[in-house]
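Visitor: Letter by letter, the chains look like this.
Protein chains: 2
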Amino acid sequence: MRTLVLVAHPNFESSSSQNFLRAGAQTLGEVRYRILDQIYPDFRIDVNEERRQLDWADQLIFQFPLYWYSAPASLKVWQDQVWQTADETHLPNYAGKTLGLVVTTGVAKKAFQAGGAEAFTLSEFLRPFEATARKLQFTYRPPFILDQFQYASESQKMTWLIQYQQLLTMTDTDFGAQQDWLVQRLRQLQVKSPDDTLLAGILGAIQMNQDDLADLQSALAMMKGDL
Amino acid sequence: MRTLVLVAHPNFESSSSQNFLRAGAQTLGEVRYRILDQIYPDFRIDVNEERRQLDWADQLIFQFPLYWYSAPASLKVWQDQVWQTADETHLPNYAGKTLGLVVTTGVAKKAFQAGGAEAFTLSEFLRPFEATARKLQFTYRPPFILDQFQYASESQKMTWLIQYQQLLTMTDTDFGAQQDWLVQRLRQLQVKSPDDTLLAGILGAIQMNQDDLADLQSALAMMKGDL
Numbered sequence: 003m004r005t006l007v008l009v010a011h012p013n014f015e016s017s018s019s020q021n022f023l024r025a026g027a028q029t030l031g032e033v034r035y036r037i038l039d040q041i042y043p044d045f046r047i048d049v050n051e052e053r054r055q056l057d058w059a060d061q062l063i064f065q066f067p068l069y070w071y072s073a074p075a076s077l078k079v080w081q082d083q084v085w086q087t088a089d090e091t092h093l094p095n096y097a098g099k100t101l102g103l104v105v106t107t108g109v110a111k112k113a114f115q116a117g118g119a120e121a122f123t124l125s126e127f128l129r130p131f132e133a134t135a136r137k138l139q140f141t142y143r144p145p146f147i148l149d150q151f152q153y154a155s156e157s158q159k160m161t162w163l164i165q166y167q168q169l170l171t172m173t174d175t176d177f178g179a180q181q182d183w184l185v186q187r188l189r190q191l192q193v194k195s196p197d198d199t200l201l202a203g204i205l206g207a208i209q210m211n212q213d214d215l216a217d218l219q220s221a222l223a224m225m226k227g228d229l
Numbered sequence: 003m004r005t006l007v008l009v010a011h012p013n014f015e016s017s018s019s020q021n022f023l024r025a026g027a028q029t030l031g032e033v034r035y036r037i038l039d040q041i042y043p044d045f046r047i048d049v050n051e052e053r054r055q056l057d058w059a060d061q062l063i064f065q066f067p068l069y070w071y072s073a074p075a076s077l078k079v080w081q082d083q084v085w086q087t088a089d090e091t092h093l094p095n096y097a098g099k100t101l102g103l104v105v106t107t108g109v110a111k112k113a114f115q116a117g118g119a120e121a122f123t124l125s126e127f128l129r130p131f132e133a134t135a136r137k138l139q140f141t142y143r144p145p146f147i148l149d150q151f152q153y154a155s156e157s158q159k160m161t162w163l164i165q166y167q168q169l170l171t172m173t174d175t176d177f178g179a180q181q182d183w184l185v186q187r188l189r190q191l192q193v194k195s196p197d198d199t200l201l202a203g204i205l206g207a208i209q210m211n212q213d214d215l216a217d218l219q220s221a222l223a224m225m226k227g228d229l
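So the sequences go chain by chain: Z and F.
Quick note: the first sequence uses the working numbering, first residue 3, plus one each step.
Quick note: the second sequence uses the working numbering, first residue 3, plus one each step.
Treat the hints as calculated values from the structure; they're not laboratory data.
Incorrect hints may appear among the rest.
Copies of the same chain look alike in the list, so a pair counts if it works inside one copy or between any two.
As the list claims (entries may be wrong) - No more than 25 Å apart at the CA atoms, straight line, and that leaves these computed lysine to aspartate or glutamate pairs for DMTMM-like:
| id | residue 1 | residue 2 |
| --- | --- | --- |
| 1 | K99 | D89 |
| 2 | K111 | D82 |
| 3 | K111 | E90 |
| 4 | K99 | D197 |
| 5 | K159 | D89 |
| 6 | K159 | E90 |
| 7 | K112 | D89 |
| 8 | K137 | D89 |
| 9 | K137 | E52 |
| 10 | K112 | E90 |
| 11 | K111 | D89 |
With the hints as constraints, model all of the structure from the sequences given.
Guide: Have a look at this one:
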């Protein structure tokens with residue numbers, strides 16, 4: 003799978019989370035990494051080049067810190083210019099491609115809920131991206147959130163790293179198919195080296211994916227109950 | 003009330019709805035109109051000047067067409083730069099000021115609902131602005147939406163014009179206090195000239211406000227029932 007990562011961050015080099023993620027992507031094969039604020043410090047987007055990059059990719063990743071509950075301006079300039087059309091009947095069509103978001107936030111995930119400090123969910127704040135994906139016929143992946151990176155434990159960071167690498171290299175379908183095989187192998191490894199941090203990270207990542215699946219199933223059950 | 007209108011629109015002069023709104027604002031007293039894409043065609047915001055303008059205002063209006071379910075990039079550049087802070091403890095505090103949105107959309111309002119063509123509500127798409135207002139302690143007014151301006155009847159446009167002028171010059175509280183007095187006067191006028199378009203527009207605007215109030219009351223009743 004060919005993945006194009008577009009990073010929007012006005013101070014990329016001074017961001018520990020962004021540097022961590024970039025390092026995690028460097029060993030991967032078909033991943034292109036483009037830091038918009040470095041390529042276009044004056045917001046002068048090369049529209050044709052950006053469209054070529056996007057044509058190449060099977061998956062587009064928008065990666066950014068949350069600024070005013072949205073992406074930094076460089077990404078909005080990119081969207082407005084690269085996807086500019088005369089009218090709705092000439093929208094680009096990216097059916098077959100996937101759009102994923104990688105969002106870092108200085109606020110804890112649990113603040114993003116009704117009654118929490120931020121009052122609304124991240125899914126709600128990111129609706130403009132979800133609806134844009136829908137409009138352009140991208141498949142929209144669940145946003146990948148890294149919250150309070152600077153306070154995260156090494157084990158948490160390792161889990162995020164594995165999940166990030168999975169996001170950049172596997173579709174959701176691929177992942178489902180490979181999961182059983184992976185769990186088998188890891189359990190064998192864990193018997194041999196129960197204190198290995200990387201291994202604990204990988205098993206943590208899988209555990210979180212299984213939790214997500216359980217959440218989804220109970221959400222679906224609730225929705226069916228409501229209808 | 004001093005109102006600062008910040009318009010984000012890459013092609014302001016060719017927009018019939020924006021020209022209509024600007025004409026409607028010209029007769030009003032303490033209203034400043036700033037078209038960001040004209041003042042800053044290269045996105046080079048004069049941060050100090052923008053902060054001075056905002057200090058002057060009791061009310062800030064963000065006015066824009068919906069681009070990718072959000073504002074055009076010029077407004078995000080403005081937000082990122084004018085409200086940039088070292089950290090969350092140094093956020094500006096606009097308690098006592100009001101933030102309102104004026105949003106034009108080429109799609110009919112009814113598309114913005116579950117099961118509609120756009121799948122989500124405009125309130126959801128505009129959550130980043132609502133949460134930003136909350137974070138900076140602005141009072142957030144209900145977004146004022148003008149949908150499919152080019153197909154609107156003259157009577158609809160007149161209604162919008164009155165509502166827009168009310169938005170720029172009155173707080174919600176002012177409006178409540180003046181409504182009874184206004185209805186009295188208008189009924190007297192209507193008896194005299196039942197075919198007057200302006201009058202029909204004004205009465206339409208009041209009717210819509212009363213509908214909004216009724217909607218709110220039934221929404222509240224439903225929420226109480228749910229809890």
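Visitor: Decide, hint by hint, whether the structure agrees.
Guide: Results of checking the hints against the structure:
1. K99 x D89: Within one copy only: 22 Å inside a chain, 37 Å across chains, cut-off 25 Å.
2. K111 x D82: between (29 Å within a copy, 22 Å between copies)
3. K111 x E90: Classified as between; 16 Å across copies, 36 Å inside a copy.
4. K99 x D197: Neither way: K99 and D197 sit 39 Å apart in one copy and 56 Å across, limit 25 Å.
5. K159 x D89: Between. Shortest inter-copy distance 23 Å satisfies the 25 Å Cα cut-off; intra-copy 44 Å does not.
6. K159 x E90: between (42 Å within a copy, 24 Å between copies)
7. K112 x D89: between (40 Å within a copy, 20 Å between copies)
8. K137 x D89: within (13 Å within a copy, 35 Å between copies)
9. K137 x E52: within (19 Å within a copy, 34 Å between copies)
10. K112 x E90: between (38 Å within a copy, 17 Å between copies)
11. K111 x D89: For K111 and D89, the Cα distance is within 25 Å only across copies (18 Å; inside one copy 38 Å).
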